[in-house]
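**Student:** Protein chains in written order, with this note's numbering: chain A, 161 to 544; chain B, 161 to 544.
It cannot be assumed that every hint is accurate.
The list makes no distinction among identical chains, and a pair is therefore deemed to hold if it is satisfied within one copy or across any two copies.
Claimed, not checked - Here are the simulated lysine-lysine pairs, PhoX-like style, with alpha carbons at most 25 Å apart:
#1 K294 x K251
#2 K443 x K457
#3 K243 x K317
#4 K324 x K457
#5 K162 x K251
#6 K299 x K443
Derived from the structure by calculation, the hints contain no laboratory data.
There are 2 protein chains.
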Amino acid sequence: MKISRIGKEIPPFIVMDILERAQELERQGENIIHLEVGEPDFETPKCIRKRALDALKKGITHYTHSLGTYSLRCEIAKYYNDKYKLSVKIKPENVIVTSGTSPALFLIFGAILDRNDEVIISNPHYPCYPNFVKFLGGKPKFVFVREEEGFQLNPQKVKESVTKKTKAILINSPANPTGNLLSPEWMEEIASFGTPVISDEIYHGLVYKGEAQSILEFAEIGRELIVLNGFSKLFAMTGWRLGYIIATEDLIRPIQKMIQNFFISPNAFVQEAAIAALNECEKETEEMRKIYDERRKFMIERLREIGFGITVEPTGAFYVFANAKKFTNDSYKFAFEILEKAKVGVTPGIDFGSGGEGYIRFSYANSLDNIEEGLARIERFLAR
Amino acid sequence: MKISRIGKEIPPFIVMDILERAQELERQGENIIHLEVGEPDFETPKCIRKRALDALKKGITHYTHSLGTYSLRCEIAKYYNDKYKLSVKIKPENVIVTSGTSPALFLIFGAILDRNDEVIISNPHYPCYPNFVKFLGGKPKFVFVREEEGFQLNPQKVKESVTKKTKAILINSPANPTGNLLSPEWMEEIASFGTPVISDEIYHGLVYKGEAQSILEFAEIGRELIVLNGFSKLFAMTGWRLGYIIATEDLIRPIQKMIQNFFISPNAFVQEAAIAALNECEKETEEMRKIYDERRKFMIERLREIGFGITVEPTGAFYVFANAKKFTNDSYKFAFEILEKAKVGVTPGIDFGSGGEGYIRFSYANSLDNIEEGLARIERFLAR
């Protein structure tokens, strides 16, 4: 079959290649410790699963409204209104429920990007960001975030990158892969440029020092601020596939039309379960947060002992983006070496863009025991 | 916000507009009978729901392999190998599980369409087909299927439409909106052209006379035959969002990369439930099929009595595509009149392309009582 240009060119997720090689080794009987995966190791809290069970028993198994059930859209609006200091309150009409956070970003870009339009993205960044933009004919424009600047997206550099073609600035705080929060002052400054800002808030709630701001808190000074969020990370619901968009009303209809055509609606009973997630499991998410924090502290300390550079303490998400330049300038090769020889899965910095070269991302979405063992293996490997 | 060209131009699903207007009327206290919806009225069979409940209890709530769980891919391969006379057996490696049949089609087109590539599509057709193609920069090329030819996709006309730019012929049997099956001889002829064929087999199993052939039965004479299917219709699982692709191996990796980027994986526990669907609910699907058949016969008879033209008896899916030219040459206006005045939702033929103008699609995915009442209302309305 003749494959399309896009089908040929779209890059895979390198971390998936690592994961799949790791699984191959496991099938051969090897014991592998997974510090590469960006997925909570916890099971979804019981109250959420219970609500899904009830919905299934009740027969909530049909298509829903293409924008999601009105009840869930109300709950998401309420959740944002309660959690953040919003001068402009969110209405259910601003909310779109999607089959995951990834499709949500696809829909946002689909609604705003024309050919050759630019989107400003940090480098390093979540690997898929530029692939969305390129798939839709747009151009990612990278702003480097440097360790020396605390991996912060510098507003001055962002401003310098804005052109007539810039359709949006994409921010992500807490960030994947760096685990860092953008300072409120810099977020405010970025919002003030008047360029649309898409804020990926998927790691909100997973914050261990300070607080994550929503871009919507700057609605008075910004305009066209779009939130991307979902249930995967905070609520340990990766396998459920549910996300959402909060956007200004002019974006709703174009996105709805795309959903009607390409998705029809999100899963019906998963939407029911999401209502429980927003209302009934604060205790469970707080427990998970505390456990992540414990692992985070341990991991940072041990990685420093082993010789990795961590000048900026990551305080959000569940990642440590460690400087490995002392050991390598080829993070891809290094990550596979660690996998093959130390039997530990880690993600090479290069997966996150050229700005990530020389770094390794360690995920602490794994038990303290596994983290301890995994880092001990890496220590022994490096000592050889 | 400046909306992209695609965001502006992509058409909505007209049937959704009808449905949403119907729901508005219902909120105002009106009783509306829904014969517009392409969705089984049945609840998902218990054995399927039970498997989902078990999976949820077991904590199967994490990401799966991007192509779907290997166990489900095996079951889908087995299902096709058992159900159809395949000279080339399907391997699990040919199967990709997706978050619905709509995203599946999006992925197939994404993997094969370059700018200005053409896809041959029947007219009338499922409304979204051309929108997928156009979104990806391709061009739909329509072949009219005429009532006088039994709404059959004529291979000769298909052949005449093939150009150097043609990347695929899209077929759909049983078809939406006509409810007709493509004859084995004509399907074979279309497969023999050497142009890739994408076969949307979502209505397979919902057949009341004869049998639906899979395009894969012609693998010896055809090449690059791709199947699109899912669990929504036969298993009454619309709200679950699960579909699949069966394709030649060269297509798997490009599609997988798109999934990794834009979807990550399908829902984990829904994939478990799908295994039960394929193995444990033949009795339930057979019962549903019998009930549909009863409704089908009733609906055809009554529509003829009322004065609609049905020269070709629809024998698949759950639609009757009735000639309404006696009443109107503006099916859109007519459908809204029927909704507003007779309080019955129906789908205008124009929703399915210019070839559908003058027709109305009636769905019998509703109870016999409701169908009876709905058609009586329409009869009274037309008698005025």
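**Student:** Indicate, hint by hint, whether the structure satisfies it.
**Tutor:** Hint-by-hint comparison with the structure:
Taking the closest pair of Cα atoms, K294 and K251 never come within 25 Å of each other, the shortest separation being 32 Å inside a single copy and 33 Å across copies. Only within a single protomer do K443 and K457 lie at most 25 Å apart by alpha-carbon distance; the minimum there is 21 Å, versus 56 Å between protomers. Taking the shortest Cα distances, K243 and K317 never come within 25 Å of each other, neither inside one copy (30 Å) nor across copies (60 Å). Within a single copy, K324 and K457 get their C-alpha atoms no closer than 44 Å, and across copies no closer than 61 Å, so neither meets the 25 Å cut-off.
Taking the closest pair of Cα atoms, K162 and K251 come within 25 Å of each other only across two copies (21 Å); inside a single copy the shortest separation is 46 Å, beyond that limit. In the homo-oligomer, the alpha carbons of K299 and K443 never lie at most 25 Å apart, since the shortest distance is 42 Å inside one protomer and 53 Å across protomers.
Going through the hint list in order, the structure does not satisfy hints 1, 3, 4, 6.
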